[in-house]
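Let chain A serve as the given structure and place chain B on it in line with the hints.
Residue strings, one per chain:
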Amino acid sequence: MTFTTHTGNRGLVLEEQLIFEQGQPGRTGVDLPEPKGTKSRLGGLDRDSDVGLPGLSEPQVVRHFTRLSQKNYGIDAGFFPLGSCTMKHNPRLNEKVARLPGLADLHPMQPESTVQGALELIDQCAHWLLVLTGMPAVSMSPAAGAQGELCGMMAIRAALDARGENRRRVLVPESAHGTNPATAAACGFTVDSIPATEDGRVDLAAFEAKLGDDVAGIMLTNPNTCGLFERDVRKIADLVHEAGGYFYCDGANFNAIVGRVRPADLGIDAMHINLHKTFSTPHGGGGPGSGPVVFSEALAPFAPIPYVVKKGDGFHLVETADEEDGMKPFGRLKGFHGQMGMFIRALTYMKSHGADGLRQASGDAVLNANYLLARLKDKLSVAFPGYCMHEALFDDGFLKDTGVSTLDLAKAIIDEGFHPMTMYFPLVVHGALLIEPTETETKESIDQFCDAILSLVAKAESGDAEFFKNAPYLTPRRRLDETAAARKPVLRWKPETA
Amino acid sequence: MRYLPLTRADRAAMLDTIGASSVDELYCDVPDGALLDAPVDLPSHLGEMQVERDMMALAAKNMGASSVPSFLGAGAYRHHVPATVDYVIQRGEFLTAYTPYQPEIAQGTLQYLFEFQTQVASITGMDVANASMWDGATSCAEAVLMACRATRRKKAVLSGGLHPHYREVTETYCQYSDTEVAGRDGHPEHQATAEELNDLIDDQTACVVVQYPDVFGRIQDHTQLADLCHAKGALLVVVFTEAVAFGAVKSPGSFGADIVCGEGQSIGNALNYGGPYVGLFATTQKLVRQMPGRLCGETVDQDGKRGFVLTLSTREQHIRREKATSNICTNSGLCSLAFTVHMSLLGEDGYRRLATLNHENACKAADAIDAVDGASVVNDSFFNEFTVKLSKPAAEVVEALVAKGVLAGVPLSRLYPNRSDLDKYLLVAVTETNTDEDIAALASALKEALA
Chain A
1 MTFTTHTGNR GLVLEEQLIF EQGQPGRTGV DLPEPKGTKS RLGGLDRDSD
51 VGLPGLSEPQ VVRHFTRLSQ KNYGIDAGFF PLGSCTMKHN PRLNEKVARL
101 PGLADLHPMQ PESTVQGALE LIDQCAHWLL VLTGMPAVSM SPAAGAQGEL
151 CGMMAIRAAL DARGENRRRV LVPESAHGTN PATAAACGFT VDSIPATEDG
201 RVDLAAFEAK LGDDVAGIML TNPNTCGLFE RDVRKIADLV HEAGGYFYCD
251 GANFNAIVGR VRPADLGIDA MHINLHKTFS TPHGGGGPGS GPVVFSEALA
301 PFAPIPYVVK KGDGFHLVET ADEEDGMKPF GRLKGFHGQM GMFIRALTYM
351 KSHGADGLRQ ASGDAVLNAN YLLARLKDKL SVAFPGYCMH EALFDDGFLK
401 DTGVSTLDLA KAIIDEGFHP MTMYFPLVVH GALLIEPTET ETKESIDQFC
451 DAILSLVAKA ESGDAEFFKN APYLTPRRRL DETAAARKPV LRWKPETA
Chain B
1 MRYLPLTRAD RAAMLDTIGA SSVDELYCDV PDGALLDAPV DLPSHLGEMQ
51 VERDMMALAA KNMGASSVPS FLGAGAYRHH VPATVDYVIQ RGEFLTAYTP
101 YQPEIAQGTL QYLFEFQTQV ASITGMDVAN ASMWDGATSC AEAVLMACRA
151 TRRKKAVLSG GLHPHYREVT ETYCQYSDTE VAGRDGHPEH QATAEELNDL
201 IDDQTACVVV QYPDVFGRIQ DHTQLADLCH AKGALLVVVF TEAVAFGAVK
251 SPGSFGADIV CGEGQSIGNA LNYGGPYVGL FATTQKLVRQ MPGRLCGETV
301 DQDGKRGFVL TLSTREQHIR REKATSNICT NSGLCSLAFT VHMSLLGEDG
351 YRRLATLNHE NACKAADAID AVDGASVVND SFFNEFTVKL SKPAAEVVEA
401 LVAKGVLAGV PLSRLYPNRS DLDKYLLVAV TETNTDEDIA ALASALKEAL
451 A
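Which chain is which? The protein sequence lines are A and B, in order.
Oh and the first sequence: position 156 is 156 in the working numbering, straight run, nothing missing.
Oh and the second sequence: position 311 is 311 in the working numbering, straight run, nothing missing.
Extracted from the complex, chain B is given alone in its bound form:
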């Protein structure tokens, strides 16, 4: 087997040094009968060529999102990833390193984490960010738990505009920690106002969680809500699923948000059928010691040179054990590197322009879809994603369009399987990767399907 260097002679010599007669003898503590004497019932090893052939056969059974006009979003977005990103993350010094616990030989990882934290804080308009979480949904759940710690309260109000997966993960995380999760059902044609959410805040409310832009694509100013939260001693958590948006819209920090968290996949990371992605998590200076996850900080070395280390680790499980702020250990290191490299390439001009192009393409698509009989865009505002009301159930229309070679979007029935009132709504995302031809193909296929 090509990954295993020991020769028969090596093994014999090593057993001799150990003073054991066989490898089985080294397993002498295994209870009687539990030590297998033959391989389990699985295929034998394969050469590189055969494995590749097997895996290509599986890949061939899928329809790649970029192989057809594709308009799926709902928390994962297809963007162009520059070739430089993949080159950097495949460098062995990054790919095969461990968590930077030995800072003298991990300055590469530590410095990019410091840059990542700065980029995340900058786009969200917050003071500080951590070194990443698992994904947007788990970041949202961790934000709620953090708000409960910071306020010593036990209730979270989730806006109806929050992605259902984020809501479900938050409910799952809260269910065994006596944390109440309240909120309303979302609807693409009714958006909760700050006053309506305010009515749900009581003296036990740790935070209100809103999504910006929300799951239906709408963009809402949350400045008033932040004030209402703060007046009642609650925190405002702003969640996002599309990190490109902040190149075009005001940052959540400008509203007075206390925690801003969400999904960073959009920048530098492939769709990967849903993972691995990278959770972004930012907050104010005041709350930094309540944060979950790793933090990288600046310091100096013995010779006085600037360097970086993991810091404030007394919040973390390896030191605090059951009193830690979170159980997270491994995070999304390499995905955060992909984010950092892509963001470095974009820079101020590129990031802003990328966001503008997304929005312009979305506007173009919205107009094209609105012109189709039986389809109407319900959003007044949007960034690169909006909800369309169809004259037929959206899931059927999506299936019909697959047959025409178009991935039309995400039917809300996929996200809200128990909400029959939403089954005619389709969520459509449009990015810089969509061409005029893609948009024309979508509009014409929709026209046929809805006729």
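Looking at chain A on its own, in the form it has when it is part of the complex:
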């Protein structure tokens, strides 16, 4: 039964104004002491106008953000099979530990003698990453995956400079995540795209043909963005090394192989690890992340400052480029010492799983994805044959002639109570649907999702395209006009002018 309500609210779905539309002068949500009226020493630059912030009491603020939260879908609420994003369970223990006063309440410039536990924690987190990857060195600095890429590619640039070589071409498969070419460009490299084969892997012949003495290296995601293991990865490593280049591995999909395959055994020179994916520090609606980078012996000397070393009985933070012999850091990537809050969560996660649990987790992630693939492969069009790794990729061939697009299907999935899969990525597949269930889902939830998809596909085949074009129907907002948003951008609230 549909009817309109006086308030616009619909039961538990509550409309919520912006805080700027709710404020009243004189209201506040904090109780701060009365200032004493000290004469200011602000160099004559005392603020002489209002900032323009609304006044709200604490209960208003709590209600505001509670209502906003109810318009969001999170892993805590349901199945979130967003391919390449690894939306697995985020344990609350990690949050609890990250808030221990002895960890959260440390200033980054405290004397070393007062933060020995923090440095030891960074060292422990680094140790786990080194053993899991088999690599000899790691930089803990990078703030997120994309900065990890920057870290790896800058180390390659520095190593080439040290060799006195002016190699500037970087080979990037066309299936790569957008950050790869953007990162290469930020390091002054030119991007040369490598095509994919019919089976979703790097075209080895095309790759080999592109090698030359101007090639700095390759940026290859493995397992790749099609959810497949690059079976020629060792050959690729050998060829790029023979050509004098380096192998940067995008480790966004490390979660498929943790504890089962060590990237060092594949011949890589550098790889970032998204702690917010593989080691479940939460995504937080878009961050913060953390992207430590492991290095081979060849690139290790160029890793950025700062880094932790063992010194005597304790730990020492190296903050200057010229402190250690043999090290030639390419610079500094971030203020202070990296995403400590994320190291705490990742280490808590790793210790909870242990070597055995991490191996089980990657195996279950791959098992869940292959199960989902097996359940859907007869009705949906599988992009590439064979087993997948941690995610299953389909193209939109199965929707041909239905008038329903990948986007339409995804929006209908929202009404079924799931977060949709990743759409239209990777770009090498037409109308891509990339589905990553992760290891923390039950067989029952995967079955329910597959059943829902299959029923929607049947509905699409029955000719009801109009239903899909207008989905979703049951969300706090329906399809939003993105074209209008971009044409005349409104990026902030402004008071209505009288």
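It should be emphasised that the hints constitute simulated quantities derived from the structure, not laboratory data.
All figures in this text were calculated on a predicted structure; none of them were measured in a lab.
Quick reminder that beta carbons are idealized off the backbone N, C-alpha and C, glycines included.
Please note: incorrect hints may appear among the correct ones.
[To be verified] 20 angstroms max Cα-Cα, derived EDC-like pairs, lysine to aspartate or glutamate: (1) A/36 / B/437; (2) A/96 / B/54; (3) A/469 / B/54; (4) B/305 / A/481; (5) B/404 / B/373; (6) B/305 / A/46; (7) A/494 / B/370; (8) A/96 / B/301; (9) B/364 / A/46.
[Said to hold, decoys possible] Chain B stretches covered by chain A per the calculated footprint, using a threshold of three residues with CB under 8 angstroms from any CB of chain A: (10) 40-54; (11) 103-115; (12) 153-160; (13) 169-178; (14) 269-281.
[What the hints assert, rightly or not] Negatives, chain A to chain B, calculated, CB over 12 angstroms: (15) 6; (16) 403; (17) 431.
Chain B only, in chain A's frame:
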């Protein structure tokens, strides 16, 4: 393992559906010899209680900043964070959401980003702000790259008052993009004038970068510098490390700044030993399409109701690839939520009062320190942080005060390890969290250490 729901029976049934004999078979594409047949050499799984015990043992080896009188700043500041902030950011709907690419089920995230952008634009006095960067230092580097794009020039002039980490990160970002970074060494007892910086601007200069208040705590009017920059076709970038300051001092926007960026940790975020923090980034309407990072914009849905979406994404890496304005993808979402919640609680009155209390406490501490023999405050102006010249090397004094249970501040030698001329200077930050007793403890410990 408590996070893994599959049972032995599930796994067998699923393998059967797949038609595989084992999980190892699913890894058939892994090259010979690379597939491990046993766990790696790391400890086995632990229960929740044991992990917590391990992590508490590490925490116990540190001296928490709030456990003693503490006066550290230099880009990270200890402020009181209301309990409401942590409650909100731990709601699973925020904590466990992804980047809001499906706006129909992410209006919560999108609306707070819109509010965040408005708050950041308001405090900085700028037209628009983005949905956050990684931290203040990377924001500064991105601002320089943006200025180069906008002006099609390849040189940045960095003021000596810029935080050394911000300078180093900017140099690192610029070194491989043929962008020249010029500037002067900073000194707490000499502040570059607008004219001195003007001498460094040439026809290839994309921007001048100043910090306000600067790394030594000084507050300078940059209106004249903005005019000088604009006369030569360069942009003025104003960087900040203490977002509370704008509750007390004029906004950088009022100077005519083109880009204002810096660190938002001060509002809503714990110290976290340096991260994660939240980079704030604001600019003028004119330059909005040159901005890095995500932007949230207002629109309407199919039923005509107001809603929010990520917009102008043709600037970004997932669309533009190697031609993107930045490679940033994941930003500081949850830290920006913490900022938004804290700022919402503060409101106009709270924000202004918080800033005033910081300044008053800093004035009190400056007077107390100035009264100590062998210590003198060098700043004429400051907000909540100032530089003190000591009669002994500051790093030694700081160590001596640790033994007395006081975290005295940041010795400039920590920030400038190769500048022996700065080794007797100490940077002292004072916030609303410092009590009169803290200030007395600092002054008396300094007196003993300098005697």
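Verification of the hints:
| no. | hint | result |
| --- | --- | --- |
| 1 | A/36 / B/437 | 17 angstroms, holds |
| 2 | A/96 / B/54 | 13 angstroms, holds |
| 3 | A/469 / B/54 | 53 angstroms, violated |
| 4 | B/305 / A/481 | 10 angstroms, holds |
| 5 | B/404 / B/373 | 18 angstroms, holds |
| 6 | B/305 / A/46 | 41 angstroms, violated |
| 7 | A/494 / B/370 | 45 angstroms, violated |
| 8 | A/96 / B/301 | 38 angstroms, violated |
| 9 | B/364 / A/46 | 18 angstroms, holds |
| 10 | 40-54 | holds (count 11) |
| 11 | 103-115 | holds (count 11) |
| 12 | 153-160 | violated (count 0) |
| 13 | 169-178 | holds (count 8) |
| 14 | 269-281 | holds (count 9) |
| 15 | 6 | 16 angstroms, holds |
| 16 | 403 | 18 angstroms, holds |
| 17 | 431 | 16 angstroms, holds |
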